[in-house]
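Q: My request is simple: use the sequences and hints to build the entire structure.
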Amino acid sequence: MKIFSVLLILVILFSHRIYAQTGNPFEKYPVFSNCEPVDIKTLEVCFNNTVRELIHANFKEPNVVAEENYTGSMNVFFEVDREGNFKILYVDAVYTKLKEEIRRVFQQFPQITPATYNGKPTYAQYTITVQVPLGKFIEKMVAPQSIVTDKIIGTGKNPEYDDIERLPYENDEYRSGINIPLSHHDYSLFDPAMNQVGTNSHTAQKPFIYNEVNRYYNFEAENQKILKNKTSWFGRKWWNEHMVTLKGKDYWITLDPGVDLQVGKDTDADIDTYNNTRLIYAQGGIGKKVNFFAVIYESQGRFADYFNRFAEARKPDGGNPAIIPARGIAKSFKSDSYDYPVATGHVSYTPSKHFNIQLGHGKNFIGDGYRSLLLSDNASPYPFFKLNTTFWKIKYTNTWMSLRDVRPEVTADGSFRTKFMANHYLSLNITKRLNIGLFESVIWENDNDRGFDFNYINPIIFLRAIEFSTGSRGGNALIGLSTKYKFTNRVNAYAQLIIDEFSSGDIFGGEGSYKNKTGYQLGAKYYDAFGIKNFYLQVEYNRVRPFTYSHNTVVLNYGHNNQSMAHTLGANFSEFIAIARYQRGRIFGDLKLIVAERGFEFNTKEDDLFYGGSIYGTEDNRVSDDGNEVAQGNTTDFFHVELQAGYLINPATDLKVYGSLIFRDFKPMVNTETTFENQTTWVNFGIRTDLFNWYNDF
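258 is the number of the first residue of the sequence shown in the numbering used here; add one for each residue after it.
For the record, the hints were derived by calculation from the structure and aren't laboratory data. We put the beta carbon where it would ideally sit given N, CA and C, even for glycine. One or more hints might be untrue.
[Claimed, not checked] Here are the simulated distance ranges between beta carbons:
id, residue 1, residue 2, range
1, I651, V927, 48 to 54 Å
2, F787, A750, 24 to 30 Å
3, D922, A570, 26 to 32 Å
4, N332, D525, 41 to 47 Å
5, L518, H313, 48 to 54 Å
6, A669, Y798, 55 to 61 Å
7, R566, T668, 19 to 25 Å
8, A570, A669, 19 to 25 Å
9, V321, L518, 46 to 52 Å
10, E340, D525, 57 to 63 Å
11, F896, G762, 33 to 39 Å
12, D593, D785, 44 to 50 Å
A: Right under this line is the structure:
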């Protein structure tokens, strides 16, 4: 906690220094009278030359310089305001007399034409290093192709450090190879642009990359519409900009503190809830091909009763009390709360327009729906390596992941059980309206000390064939199909099919075999619904049969950290979802309605059979070979409605303030120790940096 507080303070202090170096993203430099008329490309050179000439012409060295035989430099941070007046903001110098003299010199500077942004006057900030004693000044020389050099001689010092080029930050992230953080609401804003009839986009492989979305949705232009007219440093950073920006010729970096602070109450269980997350995230680019993104979270929280019970039911081996859904392993905090640190990030390398390679620790998602039956962001973050290949009408994504099974019955020598997953997803735009996606995935464990099996590293051969050749009992293969059809620019439909077994007789035999491990999804989206801009409607139906995603070798289930890698509800359910989203300017709202029928195990002495609801169940204990139906076992009616409304504080950092209301009704056929009737009314208020999806709907 103390270390994190110190980091936040350093970020704020560092941001002031970096902003001074990089300046404001203006389009036209301030203009001295002697610089008119000058080509706009050389205004920077003329401005810098004139500032230095005025300093050298008017600066009088204080006596203390000669008396102390001082040799050094001072850094001057100054501003040209919207009226064209110079103002020193900060001077870094050894002697007070030096500071006073440089301030006197700047007071004598003439009023000039201010910098402009989008044709309007704006402030502009700069730093300049002044050598002491003053050396002989040589004007900036404009070399061929506007290569600028700046030299100060007479001091016997190498000016290389001071000549490092500093450039204004220009929203470089939007043109980068960085993943856009997964946020259902934010993705709904640019989903319409990517789904226009005739676009050659591929929308199932998520998270999206900024530069692939920016072709259809101009982030900078859209954010410009809602920027606030703020001139103070704090006002700009709070409402419009990243806290820290640093940019040079071949690099750029942004650095921001963030929070996820929530306070609320579960009125039915009489629990005061809260979440206290502090975070720091950085993103940047080195050259044109390498980008990076990293977040460090430090969190404590206590949630609604059903959420806490769900988290504790998934507690790992080793004594920790819970796994926070979608976050990770939590330790005890105080007497009734959890402490759960998380770190995510990735490095993205784009060698050409056809390839993108990522190494990271985070999440992935495949599909066009709110849920995914193939791969979702429901589970905790995990290490992954991903290869995206895009050409013609195809996008082909290969992902290799390292997962964990943390249950006491499978851990070995105190360490969690490691397993690996590889999946392929091929997206093909058949026509300007129709898209088809082919999916295959295989999970294998570290049996016989084989570790990561390099048989699965080949990105183009069928995983099922490899699984068979390496021993079918040593792996669990799944295949899937997805499709999307664009009826108009505002309406499209999508679907998914998952098959976890490959016996056609069992799948299509109609006898309810436990081997019939399948699921499907049907959905539709309506953009700018009823002619209302940014009004988004979505309906979705999901149905997954019992035993899907489980395996007779229980380590090979489709899970990670006791959470499903696909649908949040696991298996043995049918679910209907309706979602409405709206945003106008910075104001936004979401409404979500879920009705489901779910089947749970009884888990009693009288009936400890496996009915196919948990993906971590063993098929050796299955209730029946045939006659299995969706929602069998302890059939439960599930109802969930969630309303959220808020205000986007800063579009650059995605900082939001919001209020939410959740009503949940859970009615099983039989009340047991772990599955019993309960209702929840959860009221919550918070301020959040929106970098991942919270799922409360289980």
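Q: Does each hint fit the structure? Answer for all of them.
A: Here is how each hint holds up against the structure:
Between I651 and V927 the Cβ separation comes to about 50 Å, which falls inside the hinted range of 48 to 54 Å. Here the CB-CB span from F787 to A750 is close to 18 Å, at odds with the stated 24 to 30 Å. Distance hint for D922 and A570: a CB-CB separation of about 19 Å, inconsistent with the stated range 26 to 32 Å. Distance hint check: the CB atoms of N332 and D525 are about 60 Å apart, inconsistent with the given range 41 to 47 Å.
Against the hinted window of 48 to 54 Å, the Cβ-Cβ separation of L518 and H313 comes to about 51 Å, which satisfies the hint. At about 41 Å, the CB distance of A669 to Y798 disagrees with the hint of 55 to 61 Å. Range check, R566 to T668: about 23 Å between beta-carbon atoms, so the 19 to 25 Å window is met. One distance hint, 19 to 25 Å for the beta-carbon pair A570 and A669, holds here, with the actual separation near 23 Å.
Restraint check, V321 to L518: a C-beta distance of roughly 50 Å satisfies the suggested window 46 to 52 Å. Distance hint for E340 and D525: a CB-CB separation of about 60 Å, consistent with the stated range 57 to 63 Å. Distance hint check for F896 and G762: the Cβ-Cβ separation is about 37 Å, which falls inside the suggested range of 33 to 39 Å. Distance hint for D593 and D785: a CB-CB separation of about 46 Å, consistent with the stated range 44 to 50 Å.
Going through the hint list in order, the structure does not satisfy hints 2, 3, 4, 6.
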